[in-house]
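If you follow the hints, you should be able to join the two separate chains into one complex; please do so.
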Amino acid sequence: MFTMLEFQTPPTINIVFHVSVFLLSLIAFLIGIGLWYNRNINHLGVSHYWRIFITGVLFYAIAEFADIFTPGLHASLGVHNLITEMTLLVGLSLIFVALYRFLQDYIGEKH
Amino acid sequence: MEALLNPFFYADFLPRLFHTIGTSWGIRMVCMCSLANFFNLVLHLILGAILIWLMTKRKELQQDRFFILLLLGIGFSGVSKLLDWFANMRTATGTAVFWSNNLDLVVEVLQFIGIGIILYGIVTKLFYVHHARISNPTND
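Those sequence lines, one after another, are chains Y and U. The first sequence runs 1 to 111 under the numbering used here. The second sequence runs 1 to 140 under the numbering used here.
Careful: at least some of the hints might be erroneous.
Quick partial rundown of chain U residues pointing at chain Y, CB under 8 Å, derived from the structure [said to hold, decoys possible]:
no.: 1; residue: F9
no.: 2; residue: D12
no.: 3; residue: F13
no.: 4; residue: W25
no.: 5; residue: R28
no.: 6; residue: M32
no.: 7; residue: C33
no.: 8; residue: N40
no.: 9; residue: L54
no.: 10; residue: T91
no.: 11; residue: V109
no.: 12; residue: I115
no.: 13; residue: G116
no.: 14; residue: I122
no.: 15; residue: V123
Calculated from the structure, these hints are not laboratory results. All residues carry an ideal CB built from backbone N, CA and C; glycine is no exception.
Bound conformation, chain U alone (with noise of 0.2 Å):
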């Protein structure tokens, strides 16, 4: 078990062609989940676009609390996602590796309410609609 997670705590266990590949362009490889937290920040910014746009065409989704609660939760949930990404970018493209327990700090309590509004909306607005369809089967 512990040769098995051994890999999970090393802080440069890529190949060396990796790491050479991200030195040519000022990349320190080691530092890949900069990768997948840009695209955590570029899926917040697509679904919240398509909300805001939502939001827009048809006004009575402004009034619609499912949709505010949405909106709310995407935009706490991408600010932490973009101070988690801009982190790890820091030590991408630095020369040490950056860390600061305050900003990880900021960015868990924005990651908790944000995930916490976006989980409640989901949970009880499908909930809801169970509850709904199960009431009058004819709906579906």
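In isolation and in its complexed conformation, chain Y is listed as follows (with noise of 0.2 Å):
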């Protein structure tokens, strides 16, 4: 009834910098991670700014560990594509909101 991506083995160089998108993203996010436990344990906590951020990171991670797949499935359409973008554009709009807002902190901070 409905039609099976098919997989092919793509360039490995294409799978290279999927992984290391993937990688990166997700380092981003232990660091992240990391920082804020190191604060809690410390009884100091993080900005909101921080945590919309990390949220954020967490999803661009998962967005890109599908992603990994995309070059072997040739998809640029079906459920698996269209999944991995909305969860990119849900990540991405976390970090930029919080960019924005630190950056008006930062701003207002500055003057």
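Below, the structure is given as structure tokens:
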């Protein structure tokens, strides 16, 4: 009834860069969550934009993990890419909201 | 688990109504991902525009490394999203599935550079601000 996406082995260089982007976002998430944990055990807490940012990076990392399979599936269509792009959209929105709020405070502090 | 994951790998797992609506507009609705891509691109444009507006309004921000890094990162990431959107729109409006390994590679490289610069800028700046606040509690 439905057409299944067929997996084909993609060029290695494509896989390398897809995995690199995933690892980059995963490392950023781990650093962020590590700082959050470190401040929590010292009873300090974190700012609201830091929490939004970390949640955004988590969504971004999940999207990039799913995106690793995109070149193999030749998937510029279908449920796989829709969910990947929607998760990426949520992640980027949260990162940019955190960034925008931080910028407001940063500009305010400068003057 | 397999039953749960299977729909994830179907190309056309959408209600017939969706397909019909798309066809009337000349769009293959199995590529609705191009819509999410479009909004990703718009997000980059909005934040890029805000940054440029701030930097033109306040000249001292043009010397601020944080703003330069952000603008550079958003530039790279934005171009990557533009190319990704172009590829998906080719599938959505064409008669066959568009796929190019080279274009996919360019998109990923630009995304890697762009998001790398953005994450570096944010993490170092926010971390710096946290430390500044710890050392001077009255600054809150």
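Checklist entry - Does the interface hint hold: is U/I122 within less than 8 Å of chain Y, judged Cβ to Cβ? => result 6 Å, holds
Open item on the list: Restraint: U/I115 near chain Y, CB-CB cut 8 Å. Satisfied or not?
Closed with: OK, holds: U/I115 within 8 Å of chain Y, min 7 Å.
- U/C33 as chain Y interface residue, shortest Cβ-Cβ below 8 Å: 4 Å, holds
Cut-off 8 Å, beta-carbon criterion: hint that U/G116 touches chain Y
6 Å, holds
- request: Report holds or violated for the interface hint on U/T91, using the least CB-CB distance to chain Y and a cut-off of 8 Å.
  value: Check passed: Cβ of U/T91 comes within 5 Å of chain Y, closer than 8 Å.
Q.
Is the interface hint satisfied for U/W25? The criterion is a beta-carbon contact with chain Y at less than 8 Å.
A. With a closest approach of 16 Å, the U/W25 hint is violated.
Inset, instruction - Answer holds if the nearest beta-carbon of chain Y is closer than 8 Å to that of U/D12; otherwise answer violated. - result: 5 Å, holds
Hint U/N40 vs chain Y: min CB-CB distance below 8 Å? 6 Å, holds
Q. Close enough to count: is the Cβ of U/M32 nearer than 8 Å to one in chain Y?
A. 5 Å, holds
When the least beta-carbon distance from U/V123 to chain Y is tested against 8 Å, hint result
Hint holds; U/V123 Cβ to chain Y Cβ min 6 Å, cut 8 Å.
key: Hint validity - U/R28 Cβ closer than 8 Å to any chain Y Cβ   = 7 Å, holds
_Interface hint compliance - U/V109 to chain Y, C-beta minimum distance less than 8 Å_ = U/V109 check passes; min Cβ-Cβ to chain Y is 6 Å, inside 8 Å.
The structure fails hint 4 only (numbered hints given earlier).
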